[in-house]
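**Student:** Sequence:
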Amino acid sequence: MLSKKRFLEALDIIVNMFPEAHGELEWETPFQLLIATILSAQATDKGVNKATPGLFAKYPDPESLAQADVADVEQCIRTIGLYKTKAKNIIKTSQMLVENFNSELPRDKKLLQTLPGVGRKTANVVLGETYGIPGIAVDTHVERISKRLDIVPQKASVLEVEEKLMKLIPEERWVESHHHLIFFGRYHCTARAPKCEECPVLEYCKFGKRNLNG
DNA sequence: ATCCCGAGGG
DNA sequence: CCCTCTGGAT
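Quick note on numbering: the first sequence equals residues 1 to 214 in the UniProt record's numbering.
Please note: incorrect hints may appear among the correct ones.
List of simulated lysine to aspartate or glutamate pairs, EDC-like, C-alpha gap at most 20 Å [said to hold, decoys possible]:
1) K195 - D12
2) K4 - E176
3) K110 - D139
4) K58 - E74
5) K164 - D12
6) K4 - E163
7) K195 - E143
8) K147 - E163
9) K88 - D69
10) K92 - E74
11) K155 - D139
12) K50 - E24
13) K92 - D108
14) K4 - E171
15) K109 - E171
16) K58 - D72
Beta-carbon label-pair distances, calculated as ranges [to be verified]:
17) E74 - E172: 35 to 45 Å
18) G214 - E172: 32 to 42 Å
19) D150 - E74: 36 to 46 Å
20) Q113 - N213: 39 to 49 Å
Hints are computed from structural coordinates only; laboratory data are not their basis.
Glycine residues also receive a C-beta, built at the ideal position from the N, C-alpha and C atoms.
From just these sequences and the hints, can you work out the full model?
**Tutor:** Structure representation (structure tokens):
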């Protein structure tokens with residue numbers, strides 16, 4: 001298991017690899033970020049960004065999306081995976097925002113998660129991006145990197161990964177670190193063919209050393 | 001544990 | 001072809 005000190009050293013190197021790391025979903029309002037993030041489940045941000053302009057042109061706010069026809073919303077987002085479930089969820093979420101939350105996003109993590117399609121990861125992303133509320137969203141990249149660096153057991157749940165990262169990283173760095181880890185996972189420490197042979201944190205990485213030695 | 005599910009990459 | 005993508009609900 002990698003120590004806290006060693007992990008923070010590796011994290012600083014990762015930060016320097018992608019100093020400009022940021023959220024890549026495109027949105028104009030907190031509501032649109034929420035919808036885009038719901039749509040991003042098991043989908044690439046590029047795929048989501050391709051569909052959301054058309055969706056938001058027709059349904060820019062909770063009021064309009066709350067009254068939308070399911071079939072039309074499905075049409076708008078059909079190129080994104082899991083589109084049937086997502087169409088239903090974003091309409092219902094919009095209805096709940098209008099009816100229960102005065103058309104505004106609840107800033108409370110638990111409350112936000114009462115919206116259909118919004119789980120822990122999505123709530124963390126939205127609250128961090130819009131209001132700067134500290135949190136670490138554990139997606140497929142963050143989970144993979146945490147396990148490759150061996151800061152959690154290979155069988156750890158995403159919640160256990162989140163709790164471990166919150167222990168290792170100072171709270172004021174949670175939101176930015178999340179983005180750095182994502183960029184590292186998306187563009188370097190990829191799932192399929194990770195670039196271990198040219199990796200600046202190889203000396204910290206159990207997985208990488210084993211990967212190169214065979 | 002299983003289902004949902006299209007696009008892009010290797 | 002097979003794997004992966006800023007998961008969530010049952």
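**Student:** So, for every hint listed, does it hold in this structure?
**Tutor:** Now the hints, each set against the structure:
For a cut-off of 20 Å, the pair hint linking K195 to D12 stands: about 18 Å separates their Cα positions. A distance of roughly 18 Å separates the Cα atoms of K4 and E176; the hinted pair therefore holds under the 20 Å criterion. Note on K110 and D139: the hinted pairing holds, with a Cα-Cα distance of about 18 Å set against a maximum of 20 Å. Of the pairs offered as hints, the one joining K58 and E74 holds, with about 13 Å between alpha carbons and a cut-off of 20 Å not exceeded.
For the suggested pair K164 and D12, the alpha carbons sit about 17 Å apart, so the restraint of at most 20 Å is met. Taking the CA atoms of K4 and E163, the gap is near 13 Å; set against the 20 Å cutoff, the hint holds. The straight-line distance between the Cα atoms of K195 and E143 is roughly 17 Å, inside the 20 Å bound, and the hint therefore holds. At most 20 Å may separate the alpha-carbon atoms for a hinted pair to count; K147 and E163 meet this at roughly 14 Å.
Of the supplied pair hints, the one linking K88 and D69 holds, its CA atoms being roughly 10 Å apart against a limit of 20 Å. A distance of roughly 13 Å separates the Cα atoms of K92 and E74; the hinted pair therefore holds under the 20 Å criterion. Between K155 and D139 the alpha-carbon distance is near 15 Å, which keeps this suggested pair within the 20 Å criterion. Only pairs whose Cα atoms come within 20 Å are accepted, and K50 paired with E24 is accepted, the gap being roughly 12 Å.
Of the pairs offered as hints, the one joining K92 and D108 holds, with about 19 Å between alpha carbons and a cut-off of 20 Å not exceeded. Proximity of K4 to E171 is assessed by CA-CA distance (about 14 Å); at most 20 Å being required, the pair is judged to hold. A hinted pair counts as satisfied when its Cα atoms are at most 20 Å apart, and K109 with E171 qualifies at roughly 16 Å. Note on K58 and D72: the hinted pairing holds, with a Cα-Cα distance of about 10 Å set against a maximum of 20 Å.
At about 41 Å, the CB distance of E74 to E172 agrees with the hint of 35 to 45 Å. For G214 and E172, the Cβ-Cβ distance of about 41 Å falls inside the hinted range of 32 to 42 Å, so the restraint holds. Against the hinted window of 36 to 46 Å, the Cβ-Cβ separation of D150 and E74 comes to about 42 Å, which satisfies the hint. The hinted window of 39 to 49 Å between Q113 and N213 holds, with their beta carbons roughly 43 Å apart.
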